[in-house]
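Number of protein chains: 2
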Amino acid sequence: MSGLTDVAGVLVGQYERVGDGWATGTTVVLVPEGATGAVDQRGGAPGTRETDLLQPENRVRLVNAICLSGGSAYGLAAADGVMRWLGERGLGFPAGKLPHHVVPIVPAAVLFDLPHGDWGNRPDAAFGYAACEAASAGPIAQGTVGAGAGATVGSLKGGIGTASEVVEGFTVGAIAALNAYGEAVDFATGRPFAADHEVDGEFGGQWPDRPGAAPAAPARFNTTIGVVAVDAALSKAEVKRLAVAAQDGMARTVRPAHTMYDGDTAFALATGERELPPIGPGRLGDADRVATLNLLCAAAARAFARAMVHGLLSATSTAGLPAYRDVWPA
Amino acid sequence: MSGLTDVAGVLVGQYERVGDGWATGTTVVLVPEGATGAVDQRGGAPGTRETDLLQPENRVRLVNAICLSGGSAYGLAAADGVMRWLGERGLGFPAGKLPHHVVPIVPAAVLFDLPHGDWGNRPDAAFGYAACEAASAGPIAQGTVGAGAGATVGSLKGGIGTASEVVEGFTVGAIAALNAYGEAVDFATGRPFAADHEVDGEFGGQWPDRPGAAPAAPARFNTTIGVVAVDAALSKAEVKRLAVAAQDGMARTVRPAHTMYDGDTAFALATGERELPPIGPGRLGDADRVATLNLLCAAAARAFARAMVHGLLSATSTAGLPAYRDVWPA
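If you read the sequences in order, they're chains A and B.
Count along the first sequence from 1, add 7, and you get the number used in my numbering.
Count along the second sequence from 1, add 7, and you get the number used in my numbering.
Simulated from the structure, these hints should not be mistaken for lab results.
Incorrect hints may have been included.
Said to hold, decoys possible - Residues from chain A that face chain B, not an exhaustive set, calculated with beta carbons under 8 Å:
1) Q48
2) E57
3) S79
4) Y81
5) L83
6) P106
7) H108
8) V110
9) P122
Claimed, not checked - Which bits of chain A does chain B cover? Going by a derived footprint, with three or more residues having C-beta under 8 Å, they are:
10) 65-77
11) 91-105
12) 112-119
13) 265-274
Using N, Cα and C, we set each Cβ at its ideal position, and we do this for glycine too.
I would like the entire structure built from these sequences, with the hints used as guidance.
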């Protein structure tokens, strides 16, 4: 299992600019024909777009893409480019009589990475469009790419990471742009806080067990954003449970998480390929369905935490920020 | 009292294109130095931006502008232009060491007016920027302008309207882009549902009391969006009460309101000029403060309803849609 694109029908595209005064980018999770979407927003300083429509009581069910960007609130403009790319292809909520009369549904969240480049160098609509052009179902580049290009985590360089697992026959995937006020590593040992989520030696199987030198003036920028997806058929309210679970993955990976300075936001998507046990008659007729959903949620938390650790370990030094691999060389 | 700009420090700017395949626009409520902001989102099909940060538990308190646009979700791009205009002036949340290191806080909501022009003719960042350029503290143009340019209400043309009142020495103002699935008028009599909110004969003081011919195929597009503002100093949670109250103004003016097809969203701003009674000691030490807030909320509901009626009465026929004044000529 390699990451979010293990969930059938989910594409990921990224675009970033690094160097020449730039250190930012955009990651787009594309589900062109739509997936049932939800969001859980828990950090104290969010920058978001189209999150109200994701509330379970609201009407729009299918999301066409999720746009994750650097650039703080300026980076919300990247979603304009994703909408244009989808609209040109007639993909979106049908809102008129002709095939191109669609309104693409593109919820978005941003992270704060502006100090690492020139202040005016921020993702715009062209970043979102370029990320869509690059989208594929193939392996996802991790580290200093896409929305992780300018990311930091506590004292270190952050980045994009991804992971997936199979549970009860369902594939659960996650992608995260690790960028947090808190730390993801115990500096006394070099061990990531979520190290024990490792599957099949994916993190390298061993940890330095020696102190690392933390930078004198940690960056302390903020906001982890990401997406979990599953190939199950779920209601909007059920999908929201997956976003809630992803935030638990964040809590395990970063200390402190969800601070007043973080805009931590987790989106969730259900592509609808495979059915859960239906709700049967009787007062506990939903018990099997709820039990299965519970297993999917536990998997979402694990996958999100693993994605964040991959973001940490894959990151490379950018804009003078040391990466994990610089402090604890292999 | 003429409208929202009666609240000191609040500016309104509008930009629209009507004709040549266009019928849409943008209305910006500017509070350059910031006002405490909140939102209440109640319609079932919203298109919004930066509403999560307005939740009372989140960190950002001061809003620099609210952007209201046509164009459905595409129109969220107008907020990019408002951010640029503010950022060029160093106005926004301070997020770096230099004066221009600001992130302007621009929550936004959109309404659905796309069928009245060519599908691709939608507000973009340039609309938001142009609306800021046009902003003033003077009287506000009503009817087929700004975000009301392509608006409809049930069978009729909708539009922008505004109103204000003074209560307990506080000025409470509202602006609304009236665009609803429901009707705002009793077609049997020509009387708007919120007619009894009239102050000082502002609606003309008399109603036709005769049936009007409803269009055979009502437009039935959707979403009323707007802003209420007060010159009081309030917490974010207190400001939210004003947004909640504005939605009651909507409920009185449109039937049905808040449908599954409407993205009805009300923002509220408190500019902080005048203090409410402080919270004193004792179990009911907040009683005077709560009582005053209650009066402000009742005023916000009234002002929002009156603003919507002004939007109805000021609207002029556009894109073949009859206006109130066409069905019931004076």
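Results of checking the hints against the structure:
no.: 1; hint: Q48; in the structure: holds, 5 Å
no.: 2; hint: E57; in the structure: holds, 7 Å
no.: 3; hint: S79; in the structure: holds, 5 Å
no.: 4; hint: Y81; in the structure: holds, 6 Å
no.: 5; hint: L83; in the structure: holds, 6 Å
no.: 6; hint: P106; in the structure: violated, 11 Å
no.: 7; hint: H108; in the structure: holds, 6 Å
no.: 8; hint: V110; in the structure: holds, 5 Å
no.: 9; hint: P122; in the structure: holds, 6 Å
no.: 10; hint: 65-77; in the structure: holds (count 3)
no.: 11; hint: 91-105; in the structure: holds (count 4)
no.: 12; hint: 112-119; in the structure: holds (count 3)
no.: 13; hint: 265-274; in the structure: holds (count 4)
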